[in-house]
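Asks: Using the sequences provided together with the hints, build the complete structure.
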Amino acid sequence: MNKMDWLGGLVDYGVIGILITLSIIALGISIERWVYFRHFNLKAIEDKTQLELELSSRLHVLASIAGNAPYLGLLGTVLGIMLTFYQMGLDASLDTGKIMIGLALALKATAVGLLVALVAVTMYNFLLRRAKVLSLKWEMAHNLPS
53 MNKMDWLGGL
63 VDYGVIGILI
73 TLSIIALGIS
83 IERWVYFRHF
93 NLKAIEDKTQ
103 LELELSSRLH
113 VLASIAGNAP
123 YLGLLGTVLG
133 IMLTFYQMGL
143 DASLDTGKIM
153 IGLALALKAT
163 AVGLLVALVA
173 VTMYNFLLRR
183 AKVLSLKWEM
193 AHNLPS
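Just remember that our numbering sits 52 ahead of the position in the sequence shown, which is counted from 1.
Source of the hints: derived by calculation from the structure; they are not laboratory data.
It should be emphasised that the depicted structure is a prediction, and the values quoted were computed from it without experimental measurement.
Don't take each hint at face value.
What the hints assert, rightly or not - Calculated lysine-lysine pairs in the PhoX-like style (CA-CA distance at most 25 angstroms, straight line):
1. K95 x K184
2. K95 x K189
3. K184 x K100
4. K100 x K160
5. K150 x K160
Replies: Here it is as C-alpha cells:
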C-alpha cells in the first residue's frame, strides 16, 4: 500500500458517489416536476410572475447538474490517471496490462459523468418545454399578448 492509494478511493467513492447522488437528485426533481405539471391548475394562477415562478421552480438545479456532471467525471478521470502514472513510476517493471486496467478504470468517472449529464439535460429540456406549453396555455386563457 502506497501513499497515493487514497486517490483510488477518492475516484471510486468520492467522485462517482457524488455523481450518483446528483443523478438521484436530478431524477427526484424530474419526477416531482413532471407530476406537478400534470396536475397543474392554470385557473388558480392570476399573475404571470407567479406563473413563471411556479413553473420554473427547481429547474435551475437540473441545469446545474447537467452542466457540472461532465466536469466532475473529468476530475475523477484526471485523478485516476494521476494514480496510474504514480503507480507506473513506483513499479520498475512496466506491465502494460496494469496500465490499461488503471486507465480504463479512470475513464469510468467520465462515463458516469456524461451519463448523469445526458439524463439531466434531457429531463431539463423536456420539463422546460412542458413549462413553456403551460405558460402559453395560461396566456391564451387570459388573452394576453406573448
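Asks: Hey, K95 versus K184, does the alpha-carbon distance stay inside 25 angstroms?
Replies: 16 angstroms, holds
Asks: Please work out if K150 and K160 have their alpha carbons no farther apart than 25 angstroms.
Replies: The hint holds at about 16 angstroms.
Asks: Hinted pair, alpha-carbon criterion (25 angstroms max): K95, K189. Please report holds or violated.
Replies: Satisfied, since the Cα-Cα distance of roughly 10 angstroms is no more than 25 angstroms.
Asks: Do the alpha carbons of K100 and K160 lie within 25 angstroms of each other, as the hint requires?
Replies: 45 angstroms, violated
Asks: Tell me if the straight-line CA distance from K184 to K100 falls inside 25 angstroms.
Replies: Cα-Cα ~12 angstroms, so holds.
In this structure, the one hint that does not hold is number 4.
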